[in-house]
Amino acid sequence: MFFSRSVKVTVFVTPKKNVLDPQGAAVAHAMTSLGFENLKSARMGKVIELEIDGEPGEEFEASVDRICRDLLSNPVIEDYRWTLDEAGR
Amino acid sequence: MKAAVVQFPGSNCDRDSVRAFADVLGCPARLVWHKETSLGDAGLVVLPGGFSFGDYLRCGAIARFSPILRAVSDYVASGGVVLGICNGFQILCEAGLLPGALLRNECLEFRCGVVELRVEDAGPCFNRRNLGERLRLPVAHGEGNYVIDDADRAALRENGQILFRYASRGTTGNPDLENPNGSIDDIAAIRNREGNVFGMMPHPERAVEPFHPSLDGIAVFEAVLRAAKEAAGVRA
Chain A
1 MFFSRSVKVT
11 VFVTPKKNVL
21 DPQGAAVAHA
31 MTSLGFENLK
41 SARMGKVIEL
51 EIDGEPGEEF
61 EASVDRICRD
71 LLSNPVIEDY
81 RWTLDEAGR
Chain B
90 MKAAVVQFPG
100 SNCDRDSVRA
110 FADVLGCPAR
120 LVWHKETSLG
130 DAGLVVLPGG
140 FSFGDYLRCG
150 AIARFSPILR
160 AVSDYVASGG
170 VVLGICNGFQ
180 ILCEAGLLPG
190 ALLRNECLEF
200 RCGVVELRVE
210 DAGPCFNRRN
220 LGERLRLPVA
230 HGEGNYVIDD
240 ADRAALRENG
250 QILFRYASRG
260 TTGNPDLENP
270 NGSIDDIAAI
280 RNREGNVFGM
290 MPHPERAVEP
300 FHPSLDGIAV
310 FEAVLRAAKE
320 AAGVRA
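Protein sequences, first through last, are from chains A and B. Residue 1 is where the first sequence starts when you use the numbering used here, and the numbers rise one by one after that. Residue 90 is where the second sequence starts when you use the numbering used here, and the numbers rise one by one after that.
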C-alpha cells in the first residue's frame, strides 16, 4: 500500500508519580545550586520522535498505543502520552 | 543436565557463566545466540549479566523481544528453570516473567563491589539450610533498584518469593557491604510464584573460584541446579 502521508508522532515517557526519580531530584538540586529560585520539583523522562507512514485514525492510534505499552514505556514504572503532528506531503 | 546461557549483543558475563557451570560445577553449558529460536535439550537457562543492546531505552527493554525469548517464555510455561543474573534479571522483569522492575540506583552511581546478603527462606532450594544465613557476592550495576507496587510486594512476602536481601543501610558498620541501590525491602533476588524463574542482581558467577572475592556463588548455583533437576524430573 502506498502512503502519501507521513505523520509525526511525539511520545513522552515519564516516571509514574509514585516512583522515586533520583535523576529528577539531582537535576532539581543542580538547578537550585545554580540560583534557579522557586523550583518545587523536577522529574525526568524521555521523548521519542516517530515518523510513520499512514493515515491517522482508530487503527493508527491503536498501533501507536500498543507500541508505547509494549516497548517504548514500561507500564510498571512509567506513564506515556503522545501527540500527533500531521506533516502531509 | 545441560545449561544454556543466552548471549545478547552487549552481554559480558556470558562466558563467565558458562565457565562457572562447566568448569566449577561440572554441568555442561553452551552459549545460545539471541537470534536462535530453540533452547535444544537444555535443562536450565541462564540470562547473563552485561549491557544487552547498550541498555538503550531501558535495561533489557530491547532484549526481551529477541527471538530466543519466545522459546524462553514457552520453556518457563512448561516448568523449565531460568536464572537471570543482573541484566538477565532486568530482562526477565521487562518480559513479565518476574514481577516488578529495576530502576536506576537511588545514589545515581554505578556500584561495584562485594555486598553482604541475608538469605531468606524461599522454598526447597533457596533457604538458609542450603545456603546458610549470609552470603557475600559481588555486585556491579547502575540500575539495580528493585521496585514493585504495594499489592505485588505483599504477595512476594507472603509467598516466600524473596531469595536474598541486602544487609540494610546502617546495620553492618561497613556501608560498602550494605544495600547499594535503595531497592524496596532491600530486595536483591526474587523468584516467581511458581518457583521456576529466579532473578538476582548480584553475580554468583564471580564468586566460584579461588581468585574471586568469595566462593559463595557455588552454593547459589547448586541451589539453581537442584531446582532444575527437580523440574526436569517433573517434566520428563
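Don't take every hint at face value.
[As the list claims (entries may be wrong)] Calculated cross-link-like contacts (lysine to aspartate or glutamate; reagent style EDC-like; alpha-carbon spacing at most 20 Å):
id: 1; chain 1: A; residue 1: Lys16; chain 2: B; residue 2: Glu311
id: 2; chain 1: A; residue 1: Lys46; chain 2: B; residue 2: Glu232
id: 3; chain 1: A; residue 1: Lys16; chain 2: B; residue 2: Asp265
[Stated by the list, open to error] To give a feel for the contact side, a few chain A residues facing chain B, derived at Cβ under 10 Å:
id: 4; residue: Ser6
id: 5; residue: Thr10
id: 6; residue: Thr14
id: 7; residue: Pro15
id: 8; residue: Asp21
id: 9; residue: Pro22
id: 10; residue: Ala25
id: 11; residue: Ala26
id: 12; residue: Ile48
id: 13; residue: Leu50
id: 14; residue: Leu71
id: 15; residue: Leu72
id: 16; residue: Val76
id: 17; residue: Glu78
id: 18; residue: Leu84
It should be emphasised that the hints constitute simulated quantities derived from the structure, not laboratory data. All C-beta atoms, glycine included, are put in the ideal place defined by N, C-alpha and C.
Unmet hints by their number, sorted upward, for this structure: Result: hints 1, 3, 4, 5, 6, 13 and 18 break, sorted rising.
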